[in-house]
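Asks: Sequence:
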Amino acid sequence: MKSHIDPQDEMIPDQVGAWKLSESNTYSQDNLFEYINGGAELYISFGFSNVYSHVYTAVDQPGIILDVFSMNSARDAFGVFSFSSETSNADIGQGAYLDMGVVLFWQDQYYISIMSYPETPESREAIMSLARTIESNIGTRGKLPGVLSYLPEEGLVKESIRYFHHSAWINTHYYISDENIFLIDSKSNCVLARYGDQDNRMILLLIDYHDPEVARAGYQSFVKEFIPELDESGVVKLEDGTFTGCKLMDSFLAVGFNGSQDEDIIILINSAIELFKNNS
7 MKSHIDPQDE
17 MIPDQVGAWK
27 LSESNTYSQD
37 NLFEYINGGA
47 ELYISFGFSN
57 VYSHVYTAVD
67 QPGIILDVFS
77 MNSARDAFGV
87 FSFSSETSNA
97 DIGQGAYLDM
107 GVVLFWQDQY
117 YISIMSYPET
127 PESREAIMSL
137 ARTIESNIGT
147 RGKLPGVLSY
157 LPEEGLVKES
167 IRYFHHSAWI
177 NTHYYISDEN
187 IFLIDSKSNC
197 VLARYGDQDN
207 RMILLLIDYH
217 DPEVARAGYQ
227 SFVKEFIPEL
237 DESGVVKLED
247 GTFTGCKLMD
257 SFLAVGFNGS
267 QDEDIIILIN
277 SAIELFKNNS
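In case it helps, the numbering used here puts the sequence shown at residues 7 to 286.
It is possible that some hints are incorrect.
Derived DSS-like pairs (lysine-lysine); straight-line CA-CA distance at most 30 Å [stated by the list, open to error]:
#	residue 1	residue 2
1	Lys230	Lys149
2	Lys283	Lys230
3	Lys164	Lys243
4	Lys230	Lys193
5	Lys283	Lys149
6	Lys149	Lys164
7	Lys243	Lys253
8	Lys283	Lys193
9	Lys26	Lys164
10	Lys283	Lys253
11	Lys26	Lys149
12	Lys253	Lys149
13	Lys283	Lys243
14	Lys193	Lys149
15	Lys230	Lys253
16	Lys230	Lys243
17	Lys164	Lys193
Ranges of calculated distance between the beta carbons of each label pair, as one might list FRET restraints [said to hold, decoys possible]:
#	residue 1	residue 2	range
18	Pro124	Asn37	53 to 61 Å
19	Ser135	Asp66	16 to 24 Å
20	Ser286	Glu235	24 to 32 Å
21	Ala24	Leu244	38 to 46 Å
Calculated from the structure, these hints are not laboratory results. A quick note: this is a predicted structure, and the numbers were derived from the prediction, not measured. Cβ coordinates follow ideal geometry from the N, Cα and C atoms, glycine included.
Could you build all of it, start to finish, from the sequences and the hints given here?
Replies: Spelled out as structure tokens, the structure:
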């Protein structure tokens, strides 16, 4: 099995049904903005080696655009997928999202986007066939980020899970700060998720730092900037009436936001801490 995909690689078929490969281009971090205007930040923040873009054409049918993002690792491919789709609704690769004229999936270190507009019955069949072919040709599977195993199951809104290791994404579900107050770096493994129903929607942020000293510095920075009045209870009532709390253990930090009751935040944080203790 080859370790990478490039425009000439046999892993990318020259033809799928009536569609023939008509154009291939390669993009790097230096010129991705030329291809994806306004969306390149997501891929750059996770880190990738190259993006291989392919166009397939057929007579009297819409074109098919295949983009293969060769990320730096499987965790990066999963991270991009977690931000690119609200849910995984298809059994392709290690997670896939299907919609009209769209197949998105991730597998090992690759994030794959296949699009064809407007969709026809023939193009639908073709993009599904293309996805299955690439899935088979990649062959290998990657490991999910370990920090996901520290998310408590009870109350978890699974489609809200967002994995990242760049501070730009901490405000995805709840505004926290425009600054890197958690001192997140490329070695940090972070996950955000929603918990509870619409009437009691809490946000859980978990950060598995690479070093206990870095974790303590991140914890102290967050407390100083966001909840300086924090005491031994571990929970603070904010001006808007919601509760925020946090707890540090070794290299692991659990932070809960937007609780309607302090007990809810405490239970959520402690559940994550217990999972870390039992699985790390």
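Asks: Taking the hints in turn, state whether each one holds.
Replies: Each hint, compared with the structure:
1. Lys230 to Lys149: violated (35 Å)
2. Lys283 to Lys230: holds (26 Å)
3. Lys164 to Lys243: holds (27 Å)
4. Lys230 to Lys193: Answer holds: Lys230 to Lys193 is near 23 Å, not above 30 Å.
5. Lys283 to Lys149: Distance of about 20 Å is within 30 Å: holds.
6. Lys149 to Lys164: Between Lys149 and Lys164 the Cα gap is close to 18 Å, so the pair holds against 30 Å.
7. Lys243 to Lys253: holds (16 Å)
8. Lys283 to Lys193: The given pair, whose Cα atoms are some 20 Å apart, holds under the 30 Å limit.
9. Lys26 to Lys164: violated (38 Å)
10. Lys283 to Lys253: holds (13 Å)
11. Lys26 to Lys149: It is violated: about 33 Å lies between the C-alpha atoms, which goes past 30 Å.
12. Lys253 to Lys149: holds (27 Å)
13. Lys283 to Lys243: holds (27 Å)
14. Lys193 to Lys149: Given that 30 Å is the threshold and the Cα spacing comes to 16 Å, the pair holds.
15. Lys230 to Lys253: holds (14 Å)
16. Lys230 to Lys243: This hinted pair holds, its Cα atoms lying about 15 Å apart.
17. Lys164 to Lys193: Status holds; Cα separation ~24 Å.
18. Pro124 to Asn37: 53 to 61 Å: violated (29 Å)
19. Ser135 to Asp66: 16 to 24 Å: holds (18 Å)
20. Ser286 to Glu235: 24 to 32 Å: holds (30 Å)
21. Ala24 to Leu244: 38 to 46 Å: The hinted range 38 to 46 Å is violated for Ala24 and Leu244, with Cβ atoms some 59 Å apart.
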